[in-house]
Each structure stands twice: as structure tokens, then as C-alpha cells.
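So the protein lines, in turn, are chains A and B. Be aware that the first sequence starts at 1, since it is given in my numbering, and climbs by one per residue. Be aware that the second sequence starts at 1, since it is given in my numbering, and climbs by one per residue.
Keep in mind that the hints were calculated from the coordinates and are not lab data. Think of the CB as a built atom: it goes at the ideal place given N, C-alpha and C, for glycine as much as any other residue. Each hint should be verified, as a subset may be incorrect.
[To be verified] Here are the computed lysine-lysine pairs in the DSSO-like style, where the Cα-Cα straight-line distance is at most 30 Å: (1) K365(A) with K384(A); (2) K6(B) with K49(A); (3) K372(A) with K85(B); (4) K12(B) with K373(A).
[What the hints assert, rightly or not] Now the in silico label distances, taken between C-beta atoms and shown as ranges: (5) N146(B) with G484(A): 50 to 56 Å; (6) I30(A) with L21(B): 56 to 62 Å; (7) N146(B) with A226(A): 49 to 55 Å; (8) A325(A) with L155(B): 36 to 42 Å; (9) I2(B) with A226(A): 47 to 53 Å; (10) A325(A) with I215(B): 30 to 36 Å.
[What the hints assert, rightly or not] Residues from chain B that face chain A, not an exhaustive set, calculated with beta carbons under 7 Å: (11) R223; (12) H224; (13) M225; (14) L232; (15) A236; (16) R238; (17) A239; (18) R241; (19) F242; (20) G243; (21) G244.
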Amino acid sequence: MRQPLLRLDGLTKAYPGVLANDNVSFEIGIGQMHALLGENGAGKSTLVKMIYGLVKPDKGQMVLRDLPYAPAQPSEARKNGVAMVFQHFSLFDALDVAENVALGMENPPAMRDLAKRIRDVSEEYGLPLDPNRLVGDLSAGERQRVEIVRCLLQDPKLLIMDEPTSVLTPQEVEILFRTLRQLSSEGTAILYISHKLEEIRALCDEATILRGGKKVATCDPREKSARELAELMVGQILTPPERAAKPRGDVLLSVENLSLKSNNPFGTSLKDISFQLHAGEVLGIAGVAGNGQDELLLMLSGEIPSPSGQVKLKSQPIGQLGPNARRVRGLVTAPEERLGHAAAPDMSLTANALLSGAARKGLVKNGFIDWKKTDTFAREIIAKFDVRTPGSHVLARALSGGNLQKFVIGREIELAPDVIVVNQPTWGVDASAAAFIRQALLDLASAGAGVLVISQDLDELLEVADSFAALNEGRLTPVRPAKGLTVEEIGLMMGGAHDMHPAHEVAE
Amino acid sequence: MIRLEKRKEPSKFWRIANPFLAVALTMIAGGIMFAMLGKDPITAIRLIFFDPIFSETFGSYSRPQLLIKSAPLILIAVGLAIGFKANIWNIGAEGQYIIGALFGAGVALAFFPQPGWYIFPLMVIAGAFGGFLWAMIPAILKTRFNTNEILVSLLLVYVAEKILAAMALGLMRNPDIAGFPGSRDLRRYEAAYNAELISGTGIHWGVVAALIAVIFAYAMMTRHMLGYHVQLAGQAPRAARFGGVSPARLVVICLGISGALAGLAGMFEVSGPGGQVRIEFASGYGFTAIIVAFLGRLNPIGIVLAGLLLGLTYIGGELGQMMLQLPGAAIQVFQGMLLFFLLALDFQTNYRIRLTQGARA
Numbered sequence: 001m002r003q004p005l006l007r008l009d010g011l012t013k014a015y016p017g018v019l020a021n022d023n024v025s026f027e028i029g030i031g032q033m034h035a036l037l038g039e040n041g042a043g044k045s046t047l048v049k050m051i052y053g054l055v056k057p058d059k060g061q062m063v064l065r066d067l068p069y070a071p072a073q074p075s076e077a078r079k080n081g082v083a084m085v086f087q088h089f090s091l092f093d094a095l096d097v098a099e100n101v102a103l104g105m106e107n108p109p110a111m112r113d114l115a116k117r118i119r120d121v122s123e124e125y126g127l128p129l130d131p132n133r134l135v136g137d138l139s140a141g142e143r144q145r146v147e148i149v150r151c152l153l154q155d156p157k158l159l160i161m162d163e164p165t166s167v168l169t170p171q172e173v174e175i176l177f178r179t180l181r182q183l184s185s186e187g188t189a190i191l192y193i194s195h196k197l198e199e200i201r202a203l204c205d206e207a208t209i210l211r212g213g214k215k216v217a218t219c220d221p222r223e224k225s226a227r228e229l230a231e232l233m234v235g236q237i238l239t240p241p242e243r244a245a246k247p248r249g250d251v252l253l254s255v256e257n258l259s260l261k262s263n264n265p266f267g268t269s270l271k272d273i274s275f276q277l278h279a280g281e282v283l284g285i286a287g288v289a290g291n292g293q294d295e296l297l298l299m300l301s302g303e304i305p306s307p308s309g310q311v312k313l314k315s316q317p318i319g320q321l322g323p324n325a326r327r328v329r330g331l332v333t334a335p336e337e338r339l340g341h342a343a344a345p346d347m348s349l350t351a352n353a354l355l356s357g358a359a360r361k362g363l364v365k366n367g368f369i370d371w372k373k374t375d376t377f378a379r380e381i382i383a384k385f386d387v388r389t390p391g392s393h394v395l396a397r398a399l400s401g402g403n404l405q406k407f408v409i410g411r412e413i414e415l416a417p418d419v420i421v422v423n424q425p426t427w428g429v430d431a432s433a434a435a436f437i438r439q440a441l442l443d444l445a446s447a448g449a450g451v452l453v454i455s456q457d458l459d460e461l462l463e464v465a466d467s468f469a470a471l472n473e474g475r476l477t478p479v480r481p482a483k484g485l486t487v488e489e490i491g492l493m494m495g496g497a498h499d500m501h502p503a504h505e506v507a508e
Numbered sequence: 001m002i003r004l005e006k007r008k009e010p011s012k013f014w015r016i017a018n019p020f021l022a023v024a025l026t027m028i029a030g031g032i033m034f035a036m037l038g039k040d041p042i043t044a045i046r047l048i049f050f051d052p053i054f055s056e057t058f059g060s061y062s063r064p065q066l067l068i069k070s071a072p073l074i075l076i077a078v079g080l081a082i083g084f085k086a087n088i089w090n091i092g093a094e095g096q097y098i099i100g101a102l103f104g105a106g107v108a109l110a111f112f113p114q115p116g117w118y119i120f121p122l123m124v125i126a127g128a129f130g131g132f133l134w135a136m137i138p139a140i141l142k143t144r145f146n147t148n149e150i151l152v153s154l155l156l157v158y159v160a161e162k163i164l165a166a167m168a169l170g171l172m173r174n175p176d177i178a179g180f181p182g183s184r185d186l187r188r189y190e191a192a193y194n195a196e197l198i199s200g201t202g203i204h205w206g207v208v209a210a211l212i213a214v215i216f217a218y219a220m221m222t223r224h225m226l227g228y229h230v231q232l233a234g235q236a237p238r239a240a241r242f243g244g245v246s247p248a249r250l251v252v253i254c255l256g257i258s259g260a261l262a263g264l265a266g267m268f269e270v271s272g273p274g275g276q277v278r279i280e281f282a283s284g285y286g287f288t289a290i291i292v293a294f295l296g297r298l299n300p301i302g303i304v305l306a307g308l309l310l311g312l313t314y315i316g317g318e319l320g321q322m323m324l325q326l327p328g329a330a331i332q333v334f335q336g337m338l339l340f341f342l343l344a345l346d347f348q349t350n351y352r353i354r355l356t357q358g359a360r361a
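Assemble the whole structure, with the sequences as input and the hints as a guide.
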């Protein structure tokens, strides 16, 4: 047994209405790679926020290197050698790498020294990073390196990583793992939060599994199968979605050689995109975040118009049509960002049902809204898609992410579209709800609709997609049948390891 | 230690309570101001808020004045509130009010002295059209060149004032009275006179128009797709685009509606209570209406109440000038305070103030 670094003892934290953590205890050893597993809402984030000093536990103690440890704020945690890389980066696009790193430090050294230290550390750990580059120009993987290097400069004893691979290609994941293993061998413990089981089995030597705020097991993940871990996490037996095999139909949606400038200065412009979507087909589009997914969705939804004739729905050009005209013709979309894009946060679910329902559901007569009918529509969505909410009058922002996602996807599916485009359909949704959403998309395809799924979750795409393409810096690879593709091939389609291999080879 | 916590949902209680609290705080702060001016604060406050309605001596004069002063405020504020909800900020209603009045008066003066039932309706249309046109300048500049509508609409107020002065001294001047600025008195031209409809109440066509505007605005905001789009655009611009709202179209519609209503208000004023095109015709209704819109919570019904209250301060301010020799600017300070307190108090609609012990910043 390793020497313990951090011991958690009966940590409990309650929020109004939920017990986020209930008497959680476990130990992290010096230099150990410890996984924290659990579904969304299992209490992982609350737990690490307590370790990082963002949240105060209601009950329980922590002991760090045999001393009582109760950080009141993150700076105190950092002083004690606890560092954290968040899932959502806190970086400024318009500043360069060194400036961003300096902003996160208590006492930043002079810029020139800092730049040198950034180069040294990034070389030592095989994470090439140019301190003078603008963060806005970096890929997601590179941005993550900025965050990691920022932590490493503080010489941490415990590094907390929250879902670090969700923004990486498989090749980039491999490089990250090498860095983490190196850190671990030098005595830095790593608390690794994820729900990707294969990763954890490849990387960690101990795993703590949370479900509903309680610890359900601590085990060696290498001795369990991914399925066993999943069932511990979910607490029930999972059934993979099923789909009826059937021949592919006519082309419903086609895009030809389309290039389109992004409307966001730090966005990714689409370059020479071509694909076809057939009736009954599920086309999966993979790619690391920020490679043109948003722009692709906006282009298809009609929020960014495109030259007439290059986008066709059922052979009719739709490039110049707005979102509602496209909905009327049978094309619906569900954007990635639920709050603020797919739904208006401060409006009720009923009012949000009208957002895209107005065009296809006959909810509006002569410009006047039939609120009764709209409310019935909202209730239908809530009932069919098991949206957990006290009622349709509740504001969208009061719903949890997963519940709102069910509502948004449910709304679009209920519109009975000919073509549906979804971006990250199960992001932040728990496993059973995710399975439900995937099944609903597959059912839609079986009924003859064309389904386009844009996702960063490869497991999801491999589960639902018939055909497969990847976005890489605004370009789309040719569409290939999903059957028989290996993760290695998919990784290469996604652009491999965005020019990040060399440094490690040099360092070794 | 004081801490601010963002509320999960905006507090409904404070949304309703804040306007009342703001009025109370304004009375207190206003009283202090009057005391510093050497006036008895109680008398001054009573004179402004109570005497116009309840006094036996001037009640009979000032009660009808209430509707006369409130109607333009309500008419303008209802239009402004629609734009404000969509985050489209027409600050230049005063200018649209002036141009509406000039268009309305222009029609009347063109027909003078001819009789005809159609003259007044034509003036109504011209007034609305004038305000609409003036509001289209910031609207088109915004949609074409992405200029800021706050600045453009505000600066156009001063252009409108210059045009008003030029008209009063030039084109529209009464040719029958040499040497005096100002147009003919429309109250003496029957076909154009916006007369009191029920004697002793102050109700003229402007009051009727305000009432109709309130009902239409209410129906539009709660039942019509346009009202839904206005709210969407204000609360979640990206969701609005997802819902098929064209931002440029919305800018034109919102500025158009508020401009037309402000123009109408100006036309009813110049053909009735105001009477003639004069240099000092504009009395700040277009700016005060901004306060009315916010005090009324951008809600048509709330705007009626807020309009009546601010109308009251206009009359009370006049009384204060007469009876206590309060400076004319004091009432503007008073109205400004009302908005100031309201905006400050509104903080607690979205945030909760917590007193904590020993917490670290």
C-alpha cells in the first residue's frame, strides 16, 4: 500500500433538496492515479470542489499529509499543493499563453522568466506550448495544455483533472496519458474524473465509484470489465440501443462544396464541405470541439445563410431560407448549447415549446399564439421524454442540464421531421437518459427520417451511426461506412494529434 | 460582511414591491432636498402628490390636468416598453414627439381655414407617420451600418428641437400676428381641434388613443407572435435567431411602433392642450416616458399606473412653483430620483443580500 496523501473522512454536503455527497470516505496515495467515477449528478463535482476549496463540507474532515486540511478557498488549496484542471477552460482568447498563465498565478514572475519556465515545463512533460501564441488561435487540446502547464508551474502534489479527454482526439489522449504517467512516477497524485471507462481502466490503479452522492465501491479498475464498472455506476443493467436493419432510401439532405465564413472571430470557417444524408440513415460526424461543429449546425439550421443551391433538402435549394422556412419543409435542428440557444433560459417550458414548434405544429393562427395548444405540446414532450419537472410553467433555466436536453431533443423529435440535425445530443445527460435519446433518434431513422448526429463522444457515434465522417479545422472527411472502423482510423480522420507529437520524442 | 447571492429565479415580490418602495424613497429624499432649499418638506410633498387631486381649492382645475399630462406619457411609454423588452433602446421619443406634432400641425395649417371632418383623422395619420419617419433614421442606420440606436435617437432629439424652432419662427408662424413666434392656435380651428370629449374630465382623443394603445400592446405582448419574438430577442438573442427571428426586422418594428406612438402623442398635444407650434412646445414627455416605462415594469397595465403618477408630479411641480416658489428644475430632479431609486432597488430582484459572519472575500 502506498503512503496516503489525502484522506477524506465522511464528507457530506447538502444543497436545498439534494444530498450531493453523503458520508464519502476514501484515500488517495502519494503518486497514485485515482479515478473518480460516476454519472452526471452523482456528486463528483461537489466532492472535488470541496477538495479544491470551492465548497465547504457540511460534515466530515480531510487530512492532507497527516495534517488536517480544510481549505476555505482555492488559493489555500493551491498553497497546499492541490491543483485542478477544469473541464471548461477559464482562458481569455485575446491574451497570449504566458499572460493567461500569469493570470492564474498568485505571484506571477516577470513575463520573460515566465515564458522560459513555460517552455521548460512543457518540454519536460512533453506538452509543447509556445508562450507567445494567442489562446484564441489554439486548438482545444492546446488550450488544455495551457491549463495543465499552469498547474504544473505550481509544483502540485495532487492534480485534479475533470473530464480531461472530452475535448481530445484519441492520439492526443495518448499523449496526455504519457504526461500523467510521468507525473505519477515523480510522486504527483492524480485524481481523475471521468465516465469513460476504458480510459480509466488503461490509466488508473484505483477507482472510487459514486452513485447518488454515496460511495458505492472502491476497486482496482483493471480487474473489472467496463461493463461491470458501468453497472456499478448506474446501478442497473444497461441495454444497448437497437435498430432495425433496412435499406437506405433516397437522398434527403445534400451539401456540395460549401465554404462558409464563421460569424465568430474565433470560430472555425467551413471549408469545402460535401456530404449526403439518405432516408433512414444515421450519419455521425465526429471531431474535437471547435473544429466547425457549431458552424455546421448554424449553416444547416438556417441561422447562417449559405449560397443558394449548395444546400439541398429533398432536391430543393434551401441555402437562403431561414430556420422556420426550413422547419416547414421538414428540417429541424437541436444546437449544442441548450440554455440560451436551443432554449430561452427565462421562459417557461411552454414558451420554449413554441420556439421551434410554432413552425410545424399549428400553434399560431394569424400571428396569434394558441397557448392552450402550445401547453399541451409542452406537456406531451415532458411526458414522452420523461423530463423531470414540476410542470410546464417552470423556467427552462430551473431544469438540470440533462432534463433540459431531454426537453429540447424531445421537442425536435416530436415535430416529426424528415431530417434532424443534432449537436452533442447526450452531452451532460445521465446514462439511462442518453440511451433513451439515442433510441429515439434511431427510431426516427427507422421510420424513414435522415438523422445527422454531430458529437465529440466517439462511443456514442459508433453506437448509433451507419456512416461516419469527421470535422477537422472546418473540413469534412469523406463519409465512410461506420461498420469496421477502428478507433485508430477515426482518430486519424479527426486530424490525429493536432501537431503535438514531437516534443515527447525529443524529451525522451 | 455583506454578500450578494444571485437568486435562482428573479423575485416576484420585489418586482412588484420595488416601484412602490422607490416612490416612498423618492418622497423621503425629495423631502430632504426641499428642506435644504428652505421649504417645509411635508407641505411640499403634499402639494406635489396629494393636493392636485384632493385639494378643494385647485382640485377642480388640476384633476382634469391629470389625464391631460398622463395620456402622452402613457402613449409614449407603451411604445418604448416594447422596444426595451427586445433590448432596443429608443431614447429619442422626445424628438419623435416633436416631429409628430409638426406633421400633425402641418396638415392642419395646410387646410386652414377650410372645414372638414376628414382633417383631424388626416392629422392623426400624419402625426404617427412623422414620429415613425424620425424613428426610422436610427433604425436604418442601425440595421445598415450597425450604429448605436441609443446615441442616434438621442442626438436626433436636438435636431428635432432645431427644426421645431425653425418652424415656429418660419414656415409655420402665424402670418396674421406679425413679430410673434409660434403658429396659429389650433384650438381656434374647429376642424383640427383636439377638444375635451367629456367636459371637466380632461379626456381628449389622446387619452382614448393611449387606452387603445395599452390594450393593443397588452394583447400583442401576451398573445401575438410578435410579442413573443420581442421577448425572445431581449432575453436570449441566440435562441431568437434559432426561433427564426430576424434581428434587423425587429429593430425596424420596435423603433417604428415607438416612434409612431410618440408622434401620435405629439400630434394630440399640439392640436389640443398645447394648441400651437411654439419653440418651447416640447416639455420632456419623451424623456419622462422612459421613467414611466421602467416604473411600470415595461408592462402595459403597470405603465398606466406609472403614467398617472408621473403625470401627477408634473401638475404638483407646477403647483409647487406657484405656491412655494420651488425651482422648476426641482421636479426634474424629483423624477430622476424616482428612476434612480427604482434601478438601485431592482438589484434585489435578482440578488439576495446576505449578512454573514466570518466569511472571507
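Supplied contact hint for L232(B), tested at 7 Å Cβ to chain A | holds, 6 Å
Outcome of range test on Cβ distance (I30(A), L21(B); 56 to 62 Å) = holds, 58 Å
K12(B) and K373(A): Cα distance at most 30 Å?
-> holds, 27 Å
Taking the least C-beta to C-beta distance, is H224(B) closer than 7 Å to chain A?
-> holds, 5 Å
Given F242(B) as an interface hint, is the shortest Cβ-Cβ distance to chain A below 7 Å?
-> Status holds, d = 6 Å.
Is the interface hint for A236(B) satisfied, with its Cβ closer than 7 Å to some Cβ of chain A?
-> Result: holds, 4 Å to nearest chain A Cβ.
Proposed interface contact between A239(B) and chain A, which counts if any beta carbon pair is under 7 Å | Result: holds, 4 Å to nearest chain A Cβ.
Given hint K384(A) paired with K365(A) - CA-CA distance at most 30 Å = holds, 26 Å
Hold the hint about G243(B) up to the distance rule: shortest CB distance to chain A must be less than 7 Å.
-> Holds - the Cβ of G243(B) comes within 7 Å of chain A, reaching about 5 Å at its closest.
Does K85(B) lie within 30 Å of K372(A) when you go C-alpha to C-alpha?
-> Roughly 24 Å separates the two Cα atoms, so the pair holds.
Holds or violated: is the Cβ of R238(B) closer than 7 Å to a Cβ in chain A?
-> Holds: closest Cβ of chain A sits about 4 Å from R238(B), inside 7 Å.
Quick one, is the R223(B) hint okay against chain A at 7 Å, beta carbons?
-> holds, 5 Å
Hint compliance for this structure: every hint is met.
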